[in-house]
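Undergrad: Next come the chains, spelled out residue by residue.
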Amino acid sequence: MTIERIDGCIGCGTCVKTCPTDVIRRDPKTGKAVIMYPADCQICHLCRMYCPVGAITISPEKSIPVVVSWG
Amino acid sequence: MDTYRKSPFVKISVLVFGGLPLLLWILGGFPERSFLKESLSFVTMLSFFFMIGMFFFSRANAVVVKDLKMHRTKKIHKAIGTTCVSIMLLHPLFLVLPRFFEAGVSPDDAFVTIVTTFHTGIVLGMLAWILLLTLGMMALMRNQLPMTYKTWRRWHGILAVVFIAAAAWHAIDLGRHSSLAMSSLIILLTAVGVRLFLKHTITSKPQKPRIDR
Numbered sequence: 003m004t005i006e007r008i009d010g011c012i013g014c015g016t017c018v019k020t021c022p023t024d025v026i027r028r029d030p031k032t033g034k035a036v037i038m039y040p041a042d043c044q045i046c047h048l049c050r051m052y053c054p055v056g057a058i059t060i061s062p063e064k065s066i067p068v069v070v071s072w073g
Numbered sequence: 004m005d006t007y008r009k010s011p012f013v014k015i016s017v018l019v020f021g022g023l024p025l026l027l028w029i030l031g032g033f034p035e036r037s038f039l040k041e042s043l044s045f046v047t048m049l050s051f052f053f054m055i056g057m058f059f060f061s062r063a064n065a066v067v068v069k070d071l072k073m074h075r076t077k078k079i080h081k082a083i084g085t086t087c088v089s090i091m092l093l094h095p096l097f098l099v100l101p102r103f104f105e106a107g108v109s110p111d112d113a114f115v116t117i118v119t120t121f122h123t124g125i126v127l128g129m130l131a132w133i134l135l136l137t138l139g140m141m142a143l144m145r146n147q148l149p150m151t152y153k154t155w156r157r158w159h160g161i162l163a164v165v166f167i168a169a170a171a172w173h174a175i176d177l178g179r180h181s182s183l184a185m186s187s188l189i190i191l192l193t194a195v196g197v198r199l200f201l202k203h204t205i206t207s208k209p210q211k212p213r214i215d216r
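Protein chains in written order, with our numbering: chain E, 3 to 73; chain H, 4 to 216.
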């Protein structure tokens with residue numbers, strides 16, 4: 003239940019700033035975004051929405067379903 | 004038109020510069036994004052590969068000149084050039100076009116972020132864009148420029164080599180579909196294309212005027 007991939011990152015760092023749970027970090031060598039802590043992802047889609055080049059893929063079937071069971 | 008269709012070189016070129024990148028693109032996780040985004044990727048990628056192909060559809064390639072004759076080769080070179088240069092000049096805007104239809108960052112903010120990020124790939128992309136604009140203008144204004152055709156041709160080739168080197172690096176670094184296989188294909192085709200040009204430029208000797216008796 004996380005970000006799936008980052009393809010075509012330009013290294014602007016916007017996703018790192020927008021992620022509320024600190025999932026994404028910048029690779030010190032390449033300067034590009036890397037998924038560092040996927041388990042912490044809350045699937046808020048902020049990184050995807052603010053990425054200027056649409057580099058972030060969040061798999062739709064892995065998102066939290068809209069209707070949850072009441073258990 | 005039949006001459007072009009029947010030419011084995013044209014057929015092979017379509018497969019190498021169109022079919023092969025498409026195959027690698029499909030094998031690399033297509034389709035995942037929206038139809039608009041995938042279409043823009045598709046158009047940009049094909050344009051880039053056909054721009055590499057322009058080295059092969061030129062005077063430097065003896066095989067194509069023998070197969071199609073120079074006037075047809077020139078027509079293909081011009082057709083690919085006009086189409087692909089226009090697409091490649093517009094492709095930075097393709098990146099932000101989907102932002103008109105999505106929530107989040109606005110298209111103009113996204114564009115400003117892109118051009119103000121001083122990452123190697125971006126700087127190379129901007130350099131390649133300026134070189135491409137120069138190449139395009141130089142081709143359109145060939146008759147107005149104060150130089151002989153041969154001097155123009157040489158400068159056109161040199162600029163094309165510098166452009167393709169910067170553009171290939173940019174595409175490998177930032178290309179969304181630049182997997183190991185795709186990057187290897189870009190490097191291979193670029194190297195062969197540049198070699199063709201260099202070999203032709205270094206080895207070509209001035210031809211004596213032919214006297215037909």
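Keep in mind that a hint or two might mislead.
To give a feel for the contact side, a few chain H residues facing chain E, derived at Cβ under 7 Å [stated by the list, open to error]: (1) Gly107; (2) Val108; (3) Ala113; (4) Thr116; (5) Val118; (6) His122; (7) Ile125; (8) Arg157; (9) Leu177; (10) Leu183; (11) Ala184; (12) Ser187.
These are calculated hints, taken from the structure and not from any lab test. Just so you know, even glycine gets a beta-carbon here, dropped at the ideal spot from N, CA and C.
Undergrad: When the nearest CB of chain E is found for threonine 116 of chain H, is that gap smaller than 7 Å?
TA: holds (4 Å)
Undergrad: Just to be careful: measuring from the Cβ of glycine 107 of chain H to every Cβ in chain E, is the smallest value less than 7 Å?
TA: holds (3 Å)
Undergrad: Checking hints one by one. Is valine 108 of chain H an interface residue toward chain E, by the C-beta closer than 7 Å rule?
TA: holds (5 Å)
Undergrad: Have a go at the alanine 184 of chain H hint: is there a Cβ in chain E nearer than 7 Å to its own Cβ?
TA: Violated: closest Cβ of chain E sits about 14 Å from alanine 184 of chain H, beyond 7 Å.
Undergrad: Holds or violated: is the Cβ of arginine 157 of chain H closer than 7 Å to a Cβ in chain E?
TA: violated (35 Å)
Undergrad: Restraint: serine 187 of chain H near chain E, CB-CB cut 7 Å. Satisfied or not?
TA: violated (17 Å)
Undergrad: Holds or violated: the hint that leucine 177 of chain H contacts chain E, with Cβ atoms closer than 7 Å.
TA: holds (6 Å)
Undergrad: Double-check histidine 122 of chain H for me: the hint is only fine if its C-beta lies closer than 7 Å to a C-beta in chain E.
TA: holds (4 Å)
Undergrad: So, as I understand it, the hint says leucine 183 of chain H touches chain E; can you test that by seeing if any CB pair is closer than 7 Å?
TA: Check failed: Cβ of leucine 183 of chain H comes no nearer than 13 Å to chain E, outside 7 Å.
Undergrad: Quick check on valine 118 of chain H please, does its C-beta sit within 7 Å of some C-beta on chain E?
TA: violated (10 Å)
Undergrad: Identify whether the interface hint at isoleucine 125 of chain H stands, where standing means a beta carbon of chain E within less than 7 Å of its own.
TA: holds (6 Å)
Undergrad: Is the shortest C-beta separation between alanine 113 of chain H and chain E less than 7 Å?
TA: holds (4 Å)
Of the numbered hints listed earlier, those contradicted by the structure are 5, 8, 10, 11, 12.
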